[in-house]
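Number of protein chains: 2
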Amino acid sequence: MYTRKKGTNLLDVQEMNRSLLIKLLRSNNVWTRAGLAKATGLKRATISNIINDFLDWGLVNEIGILYGEKNRRSIGISLRSDKYRVIGVRLSRNFFSIGLFDLAGVEYSYKVEKIDALAGPDIALKKIKKEITNLVEKNRQQKKIIGIGIAIPGPYFRNEGRIVLMTEFPGWDKISIKNELKKAFDIPVYFEHDANAAAIAEWWYGTHSRESGTLIFIFITEGVGSGIVIDGNLYRGNLGIAGEIGHTTVKADGPKCECGNNGCLEHYCSTIALVREVKNGLINYPQSILNKDYSVNSIFSAFNSEDKLADKVIKEFLKFLGYGIVNVVNSFNPDLVIIGGEIIQAGPKLLEILKSSVKEHLLPEIYNNTILEFSSLKSDEVVLGASLIAINKVLQNLSLLKEHLNI
Amino acid sequence: MYTRKKGTNLLDVQEMNRSLLIKLLRSNNVWTRAGLAKATGLKRATISNIINDFLDWGLVNEIGILYGEKNRRSIGISLRSDKYRVIGVRLSRNFFSIGLFDLAGVEYSYKVEKIDALAGPDIALKKIKKEITNLVEKNRQQKKIIGIGIAIPGPYFRNEGRIVLMTEFPGWDKISIKNELKKAFDIPVYFEHDANAAAIAEWWYGTHSRESGTLIFIFITEGVGSGIVIDGNLYRGNLGIAGEIGHTTVKADGPKCECGNNGCLEHYCSTIALVREVKNGLINYPQSILNKDYSVNSIFSAFNSEDKLADKVIKEFLKFLGYGIVNVVNSFNPDLVIIGGEIIQAGPKLLEILKSSVKEHLLPEIYNNTILEFSSLKSDEVVLGASLIAINKVLQNLSLLKEHLNI
DNA sequence: AATGAATGTTAAATTAATTTACAAATAAAT
DNA sequence: ATTTATTTGTAAATTAATTTAACATTCATT
Chain A
1 MYTRKKGTNL
11 LDVQEMNRSL
21 LIKLLRSNNV
31 WTRAGLAKAT
41 GLKRATISNI
51 INDFLDWGLV
61 NEIGILYGEK
71 NRRSIGISLR
81 SDKYRVIGVR
91 LSRNFFSIGL
101 FDLAGVEYSY
111 KVEKIDALAG
121 PDIALKKIKK
131 EITNLVEKNR
141 QQKKIIGIGI
151 AIPGPYFRNE
161 GRIVLMTEFP
171 GWDKISIKNE
181 LKKAFDIPVY
191 FEHDANAAAI
201 AEWWYGTHSR
211 ESGTLIFIFI
221 TEGVGSGIVI
231 DGNLYRGNLG
241 IAGEIGHTTV
251 KADGPKCECG
261 NNGCLEHYCS
271 TIALVREVKN
281 GLINYPQSIL
291 NKDYSVNSIF
301 SAFNSEDKLA
311 DKVIKEFLKF
321 LGYGIVNVVN
331 SFNPDLVIIG
341 GEIIQAGPKL
351 LEILKSSVKE
361 HLLPEIYNNT
371 ILEFSSLKSD
381 EVVLGASLIA
391 INKVLQNLSL
401 LKEHLNI
Chain B
1 MYTRKKGTNL
11 LDVQEMNRSL
21 LIKLLRSNNV
31 WTRAGLAKAT
41 GLKRATISNI
51 INDFLDWGLV
61 NEIGILYGEK
71 NRRSIGISLR
81 SDKYRVIGVR
91 LSRNFFSIGL
101 FDLAGVEYSY
111 KVEKIDALAG
121 PDIALKKIKK
131 EITNLVEKNR
141 QQKKIIGIGI
151 AIPGPYFRNE
161 GRIVLMTEFP
171 GWDKISIKNE
181 LKKAFDIPVY
191 FEHDANAAAI
201 AEWWYGTHSR
211 ESGTLIFIFI
221 TEGVGSGIVI
231 DGNLYRGNLG
241 IAGEIGHTTV
251 KADGPKCECG
261 NNGCLEHYCS
271 TIALVREVKN
281 GLINYPQSIL
291 NKDYSVNSIF
301 SAFNSEDKLA
311 DKVIKEFLKF
321 LGYGIVNVVN
331 SFNPDLVIIG
341 GEIIQAGPKL
351 LEILKSSVKE
361 HLLPEIYNNT
371 ILEFSSLKSD
381 EVVLGASLIA
391 INKVLQNLSL
401 LKEHLNI
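In the order they appear, the protein sequences are chains A and B. Counting with my numbering, you get residues 1 to 407 for the letters of the first sequence. Counting with my numbering, you get residues 1 to 407 for the letters of the second sequence.
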């Protein structure tokens, strides 16, 4: 629902300019007052006032001497990103991962633990709570943890805190994870679904970091989802389920999906689909090296060593993924489409085939103006994204930030 | 490409608040100073200052006495929308329409003229220029025309001013209509493609006027396109071609389209497709009343009088349109999906079947939170939208407005 | 008839950015 | 080497927008 904007007063001006400076300070490691003045159009005196406040608050540091235009000396200004910590948690079907990050997204600890989501939420939630408690206790004497971001497999109705359409997660749709965790800790807990978290991580720290107008992050694991970042902000739609491309039809006469739809992209383009198709294809390809082991990684290595079955299955997979991407491109007209999730472990050969499939089905003028790449984030992009949800909540809200700074 | 925000100063505050007031004044017919103060959160003194300026500028009128809260007297304030005129033009394959509107979207004249776009742009452009000249001349002594909005069939690359993928428009991709018209008149000319224009008209003046967070306007004529309005603004994407759902795949093994893609929605869901399928089906339905006349309107009336062939063809059409809508809903998660174009002349029976098709393929929680309706705008919504493009340019840009007001 | 609340205006107060002036540092010109 | 110009940063005065506060009207309520 469209909400009416409020009027602006002087305090809002201050807040806007200070938030803008924080945003800029996040984007480069080191700034100078003069550089900030140029970038914002604000006068040097204004910048000085604000930065000196930031210094008083302990929000920024002056770090040595820089040489600016015409080699004039100037004072380096840097956000004290390591002053606080946030926790990022990724919940998945058979594991969860948890990381400790500073406000610049630097990782200080990381851990993966196996769980069995099929066994219901009780044990898994207990384990997650224990790990969070551990991190909180360990850091109590040192850096303050100011937020917890949780990424869960989507879709997820934002206002209710429940998981929807997760048939592999029996029992999880009955509870509100958000409330469960909110009441367990005295630290603010923020939620996002995994593809959105990965998308925001990509926007902030990917190869084309903070340059994209519309970024679509296509997240392929046991399902297919996507996160949409428009001008740096997640686009969520009415109920928060925008980007659910796994349940868009790419084959009108395709099989019925649990979501009610037919020929869903997810039916063709998930690791589950890969394994299923390999399994089904073994009869016709008895000589395939996948005969004994058809795990996802085996399929990828078989594909890269020219196994006939793997080649056939993955090319079919990519045909449909190509359609999915073409649909997203013609719908959203993004400048950046990033592929993430288990699938990218298959390596560059897969990307090349995918690209040629997409190119074939798009107008050249569109294809040539759309970047299609694998995610460049090596480590667990979802956990990083989960932490960024918490980081952004704090750093994009001046009054919340002041609260943490005790101002 | 993501562009960096600039800092805010006092002049910006003034501009923001004045623009906000204009926005509110547009949305209701009559306001009071106290009402504007409540709506914006600004103080009554501030509102008085701004409104009194607006009175000086001749931008608003005080119109009599209203009775506000607790029945206290107050002064009605109303935007002088009839002070200026804008021209809206809709270019189509075999006709163009042109309308004269005031700043509230009230129509003062309207005309449709046949053209043959197949014969190239020369004659058509000449006719359009002539009609624009007529309106300009006729109004020279009375109301000033401050903008011309042109809606052309999409897609359309914004920065180049050329029409792309319009195989039915030979020669039109060679010229820039924008430049042609820009140099012909001394009035600012603004461009938009037809689905976007209709979408913005719907957002402003449709049944759910100015309430929608994400509105998708699906425009079905000889092709299928859509316009996307997020928080009252058109979402255009990287090249301005967002919403090109006509060229999204709904049937992976479907026929090759001119765009390069396979099984495009447009192949199944356009009036061209309707006529084609009726034509092809006549052999099996010799008793159909469509035997002699298979124009679009005949097909619709045959459908409504239970003709077997029309029924079969339209139900197939709606099956695919249903997939298209489901895809859009799962991708954008809009709160409002509006169907427009020739297709809605088929009436409520078609809508009911479409709705049940969409309902069948969406999760109930999503379907129940998404409004799906025919456009409520009776008259030519594209021309109205074209004029709104011009109106919005002026009313959403204070300095442009001041220029027109000679301030 | 007295009281209280809503509407609108006016003048003073407030406050954030700007303007102006200045000092320090350094490059470029002489 | 000296002078000049430019960049960076700070400090005080100014500007300009909203807010605050005080007041007059108007009308409902008691």
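Please keep in mind that the hints were generated in silico from the structure rather than gathered at the bench. Some hints here could point you the wrong way.
Copies of one chain are not kept apart here, so a pair can be met inside one copy or by any two copies together.
Listed next, the in silico DSSO-like pairs over lysine-lysine satisfying Cα-Cα at most 30 Å (straight line) [to be verified]:
#	residue 1	residue 2
1	K130	K38
2	K174	K315
3	K38	K393
4	K183	K402
Remember, predicted model here, so these are calculated numbers, not experimental data.
Verification of the hints:
1. For the identical chains of this complex, K130 and K38 are neighbours neither inside a copy (48 Å) nor across copies (48 Å), given an alpha-carbon limit of 30 Å.
2. Taking the closest pair of Cα atoms, K174 and K315 never come within 30 Å of each other, the shortest separation being 39 Å inside a single copy and 38 Å across copies.
3. Taking the shortest alpha-carbon separations for K38 and K393, both the intra-copy value of 27 Å and the inter-copy value of 28 Å come in at or below 30 Å.
4. In this homomeric assembly, K183 and K402 come within 30 Å of each other (Cα to Cα) only inside a single copy, at 23 Å, whereas the closest approach across copies is 54 Å.
Comparing the model with each earlier hint shows violations of hints 1, 2; every other hint is respected.
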